[in-house]
Structure formats: C-alpha cells, structure tokens
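When you get a sec, could you build the whole thing from the sequences and use the hints?
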Amino acid sequence: MSASDFRQIAIGRETGKPERLFRAAVSAFCALPRPSRREIAQLEDLTLPLFDKVSVEARRFVAAALSESEYAPFGLVRKLCDEPVDIAAPLLVRSPVLSDVTLIALIGRHGLPHARAIARRPNLHKTIADLIRVLERPRLVYPEVGRQQETAANALQAAEAIAAPVMSNGPVPGELAENVRRKLRAMMTPATPRQAMPDEERAPAYDRLKTTALTGNDSFFQTALADALEIDLLAARSITEKSGYSQLIDALKALDLAEEQAFLLAAAILPGQFAHAESVRLFLERYRALHRDVALDRVRDWKAASVGARIRSNAERLQTRVKSSTPKGDRLKAS
1 MSASDFRQIA IGRETGKPER LFRAAVSAFC ALPRPSRREI AQLEDLTLPL
51 FDKVSVEARR FVAAALSESE YAPFGLVRKL CDEPVDIAAP LLVRSPVLSD
101 VTLIALIGRH GLPHARAIAR RPNLHKTIAD LIRVLERPRL VYPEVGRQQE
151 TAANALQAAE AIAAPVMSNG PVPGELAENV RRKLRAMMTP ATPRQAMPDE
201 ERAPAYDRLK TTALTGNDSF FQTALADALE IDLLAARSIT EKSGYSQLID
251 ALKALDLAEE QAFLLAAAIL PGQFAHAESV RLFLERYRAL HRDVALDRVR
301 DWKAASVGAR IRSNAERLQT RVKSSTPKGD RLKAS
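Per my numbering, residue 1 is the first one in the sequence shown, and the count goes up by one each step.
Be aware that a few hints might be false.
Stated by the list, open to error - Here are the simulated DSS-like cross-link-like pairs (lysine-lysine), alpha carbons at most 27 angstroms apart as the crow flies: (1) Lys79 x Lys53; (2) Lys79 x Lys210; (3) Lys210 x Lys126; (4) Lys17 x Lys53; (5) Lys126 x Lys53.
Simulated from the structure, these hints should not be mistaken for laboratory data.
Structure follows, in structure tokens:
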C-alpha cells in the first residue's frame, strides 16, 4: 500500500467487501509519512461506517496498525479502545493519541482488563499506576494501615485533579477501595452535549446560527459562526465552502450542539450532502464519534492560523511601508 493508494480509496470510495476496504484504508493511511487533517478525516469517513460490519480479526489488525501512529483519528481509536481488551490492547499499551484523562475514562468504563493493559504503558502517569494497583488489590491489608489509607487518598485526590476537565460530580469519599472503583466507573461516562454546556449558554448561539442558516444567505451564517467560535470571517467561510462537511462537524461539535441541532444546520448549509438516508446516518455517526476536546483543538488551530496570517500580513505591509519611506538616494546607494 502506498500513499497514492489511500488517496485513491478516499476519493473513489472503492466498493467491495467491507473487510477488504477497512483493512486497505488503514494500511494505506499508515503508509502516509505525514497525513493531512483532510486525510485523517477521510480515514474516519471510510472506517466508522464499516466498523460494525467487519470481523474481530479486522478490528484487531487495525488496532495494531494504528497503535504507534500519532496521527490516528481519535474517533476510530476511541471506538477500538471500547472493544474487549484482546482487540484494544495494542492501543492501550502504546497509542500516543490517548491522554491521561482518556486512560482514566477507559479504566472507569472497562475495569481491570483494560487497566492491566494500560499499566504496561511506558512513562505511565504515577497517579494512574497507583489507581490500577488499588484496583488490583482492593482488600490487601498492610501492617501500616494509616500509611496505606493516606497514600490511596492522595492518589484519589490527584486522579480527581487529572480528570477535572471532564468529570461530573462524584460521590463523597468513603471507604478507600470502593470509592476508587466507584469514581472510575462514574467519572468518565461520556457526557451528552446537553450535559456539557448549560442550556442558557448554548441557546443564543444555536438560535442565531439556525436563523441565519435558514435565510439561505451563506454570508449571514458565516458571520454568526465566526462570532460563535470567535474566529475570523475567512476561517468561517472556509469551513462552509469546503466540498465536504468534515470541518463543519468540528465547528458544531466545538459549540456542543445536540446532534439534531447540528444536523439541521448542516442540512441547511450543505443540502447536497444529504441526498439519502445513509448520508444522514453517516453524519450522525460521525458527529457522535467526535470527541468535543478534539473539536476544540481544531478550533484553536483555526484561531492560531488566523493569527499567523494576520502577523504575516502586517509584516508584509510594514516591510512595504519601510521600503516606500526610504529616500530614493539611499535606495540608489544601496543598489
């Protein structure tokens, strides 16, 4: 498989047995030395709809193939990590895509089998290692009981600090081992969009986006999107004028909209993308699979690119102004 093979698969949507396409897309993607954001999104487009149609062996193959890739699509990696540990193990042990928060979430959802695989990661965060040891030996009694309780309490406190950005309100600390298990099961259950942002914060942004989208004037919607995401108008225009909706999904997920709200906006702006029920199902599946933290990272990238473009533009204007203000005689001497 070569880089051109992946691009051909992504562009042509090669038909055939799902198993063959699933494996071929990932193999070709791994051959890319430095895949672009568009190619990463294309891999998600190709593989997520096929995920439930392929065999366990194919999933195991893909997990192993992507286990050391820093460019692996987070949505696909997360879906593979939610599989049984005999499939997910290569990713749990080696994947650079998995953050400390994600690892705690996986332990909370899947328990000891996933925890034991995660314990084999090099340079594992000490707090996560301590929590795994507590889960492994919850009732082990040490002679120094006071020290044991103090160490575990410190581990739990640090775990709460790591998980703070995505953790919902947990139970009041009680018995050490049971409390740790309860925390890990509950703290990282993926929040629905309506839980993640208060309704009063979401409603004004969505209402304005919906109103402008339904006018049929793209410029109105682009302006509302730029205001909602706090990006410049050129970036918002680029998001809505792409041939696909990959970047639009990122933008809407960053705003934490419910999936029906996101679909209404996407269908109003890009009606040609939803000609049949399968395209609607694919959009909703991609939207659910995308983690909001990933979407927020992409918005930050847009902002950084906009700032960089403004700095370059200002530098060019300043350089032109300096040249134009240089006396003609000085320019002749310099030449």
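Verification of the hints:
| no. | hint | in the structure |
| --- | --- | --- |
| 1 | Lys79 x Lys53 | holds (14 angstroms) |
| 2 | Lys79 x Lys210 | violated (31 angstroms) |
| 3 | Lys210 x Lys126 | violated (46 angstroms) |
| 4 | Lys17 x Lys53 | holds (10 angstroms) |
| 5 | Lys126 x Lys53 | violated (38 angstroms) |
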